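Enquirer: What follows is each chain in one-letter form.
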Amino acid sequence: MITKTVENISRALEGIKSGMTLMLGGFGLCGIPENLIKVLANSTYSEFTCISANVGVDDYGLGLLFKEKKVKTMISSYVGENSEFERQMLSNEIEVILTPMGTLAEKCRAAQMGIPAFYTPAGFGTEIAEGKEIRTFQSKKYILEEAYQADFALIKAWKGDHAGNLIFRGTAKNFNSIMTGAAKTTVVEVEKLVPVGMLDPNEIHTPGIFVDRIFQGESFEKRIENLTNSSPQ
Amino acid sequence: MSLNKNGIAKRIAQELQNGFYVNLGIGIPTLVANYVTPELEVEFQSENGVLGMGPFPLAGEEDADLINAGKQTITTLPGASFFDSATSFGMIRGKHVDLTVLGAMEVDQTGAIANWKIPGKLVKGMGGAMDLVASADNIIVAMMHTDRHGNSKLKTKCSLPLTGVDCVKRIVTNLAVIDIIEDGFLLKERAPNVEIHQIVKATEGVLIIPENVKEMELN
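Sequence order for the protein chains is A and B.
Residue numbering for the first sequence follows my numbering, starting at 32 and increasing by one per position.
Residue numbering for the second sequence follows my numbering, starting at 165 and increasing by one per position.
These are calculated hints, taken from the structure and not from any lab test.
Warning: the hint list may mix true and false statements.
Said to hold, decoys possible - Quick list of in silico lysine-lysine cross-link-like pairs, DSSO-like style, CA-CA up to 27 angstroms: (1) K259/B with K365/B; (2) K253/A with K288/B; (3) K321/B with K288/B; (4) K333/B with K172/A; (5) K69/A with K172/A; (6) K333/B with K171/A; (7) K321/B with K333/B; (8) K365/B with K163/A.
Keep in mind it's a predicted model, so treat the numbers as computed, not measured.
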């Protein structure tokens, strides 16, 4: 067995520098690496390029990075629900690159899987296609999109073992499993870190080979962004 | 009288067929799930990574790890599955999802759709809309026929930045069911007690009116 465990969160983030490109897992506030984000927000590093589905809310999740002005460029598919982010976007303090969600996901997956680029129909005929190579396959037009190149992937999983094998829970899998191994260094915080042998190999979602460092997250607030209930009949 | 949002959703629910996997967008499309008859075997997909969504949870039963693409808390039904967002869009691009219902700001008579950006206004992003419209064969747009100022949303040519081209086949509005064919908008059905001249007045693009236009059956 190859051990991926690091004893604490500062070891997990060793090597991070200002100006690096970071992938951050999660969709909305679901499955975000909240412990890693907190430490980054309180660090001396800044000028990050961040790749993530969304931008969190003002006082939680990715929002903490904007609050502390850590982000230079944001690559995302939907950037609503965060007023400080909006302020920085409108005052041109940050650059924002909007990308269709499926393309964003595939650019992560391609990086993970060693595929430099791929063709997708998403965005053909729109401003997203401007300046990109267009090709026709079976009379339908596609855009060439390139895989991301990132320095760190910051991931949240439900369970993991010391070998870095991961299991996600519910829709918290989202971008987490496809960003794992998609950057030069992949760091994973888990709700439950267990000894090897405790996870059934049949049930591993992401094998430890994609993981460089894993640690037990200290606390998980797991805030709900849009609580919606049914009324009892 | 024109339909309200629930009426539009009710009419769209009639388009669901046995065995369909369906992706419902935010807004009116979400309401469609409320009008699906229990004997119909359909599964709802949400692009963040779930198939087999059920109703919203009862108070106290919500789970932070269970949300839809609108970030709302959800439940799952027996037979549900979770997957990553790349797999989810693989289902969409690979045409495994049978029907996509989404809202729009504008649709034009060539089948182009605009629903993500208004120049000069705050842009929040396209989310999964561009992937959905570029991939699905079966797209229904659910929207009001006109905007708040009374301007037609069924255009000769979209004026807003596009989400996709040559993709919308059917539109269900508060006034009508309209198909997009080579020559323009084809009027298929009118809402109960809505006169054809009202639909003509509310449509900017070319509207083709067949001899008999039936009234929507909503009960």
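Enquirer: All hints are to be evaluated individually against the structure, with a verdict given for each.
Expert: Okay, the hints, checked on the actual structure:
1. The hinted pair formed by K259/B and K365/B fails the criterion: a straight-line CA distance of about 36 angstroms is larger than 27 angstroms.
2. Between K253/A and K288/B, the direct Cα distance comes to roughly 24 angstroms. Compliance with the 27 angstroms bound is thereby established for this hinted pair.
3. With a C-alpha separation of about 23 angstroms, the suggested pair K321/B and K288/B falls inside the 27 angstroms cut-off, and the hint holds.
4. Distance hint between K333/B and K172/A is fulfilled; the C-alpha atoms sit about 18 angstroms from each other, no more than 27 angstroms.
5. With a CA separation close to 43 angstroms, the supplied pair K69/A and K172/A exceeds the 27 angstroms bound.
6. Between K333/B and K171/A, the direct Cα distance comes to roughly 17 angstroms. Compliance with the 27 angstroms bound is thereby established for this hinted pair.
7. In summary, the hint linking K321/B to K333/B is supported, as the alpha carbons are separated by about 15 angstroms, within the 27 angstroms threshold.
8. Only pairs whose Cα atoms come within 27 angstroms are accepted, and K365/B paired with K163/A is rejected, the gap being roughly 40 angstroms.
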